[in-house]
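Residue 1 is where the sequence shown starts when you use the numbering used here, and the numbers rise one by one after that.
Any given hint could turn out to be false.
To be verified - Calculated lysine to aspartate or glutamate pairs in the EDC-like style (CA-CA distance at most 20 Å, straight line):
# : residue 1 : residue 2
1 : Lys-57    : Glu-39
2 : Lys-109   : Asp-54
3 : Lys-25    : Asp-91
4 : Lys-83    : Asp-54
Honestly, the hints are just simulated from the structure, not real lab data.
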Amino acid sequence: MKITIGLILLLMLNSGPASAKEDMKFRTLMESKQTSVVEMLIGAAGLTLLFVNDELKDAGQPRLYCPPRDRAISNTEYVAIVKKYLELHPDIGEETFQVYPYVLLTSLKRMYPC
């Protein structure tokens with residue numbers, strides 16, 4: 001059930017109404033002054049990945065990443081993780097903003113391998 005909810009949340013985040021902002025660059029999103037919106041988007045992606053991870057673990061399958069056991073990752077930390085990836089891989093900034101879940105997952109896999 002958690003995986004279904006998580007996937008629905010992720011799909012909802014990436015399928016908004018058509019607008020001029022659909023072609024917004026990832027770098028533009030990350031440099032936005034609307035930090036609460038950026039935290040909400042990336043935090044929701046982080047929560048979705050956490051749900052997916054729990055479902056994989058419950059199904060006896062390998063998890064995508066292994067988060068710290070002693071604490072939760074905050075939305076602010078998720079944003080910092082994504083910003084660090086953009087800093088290390090500046091070319092990804094030219095992709096459309098919808099790349100943020102991929103960037104977060106890739107970063108989490110590198111930071112918290114199983």
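For each hint, the structure was consulted:
no., hint, verdict
1, Lys-57 x Glu-39, "violated, 26 Å"
2, Lys-109 x Asp-54, "holds, 15 Å"
3, Lys-25 x Asp-91, "holds, 11 Å"
4, Lys-83 x Asp-54, "violated, 25 Å"
Against the hints set out earlier in the document, violations occur for numbers 1 and 4.
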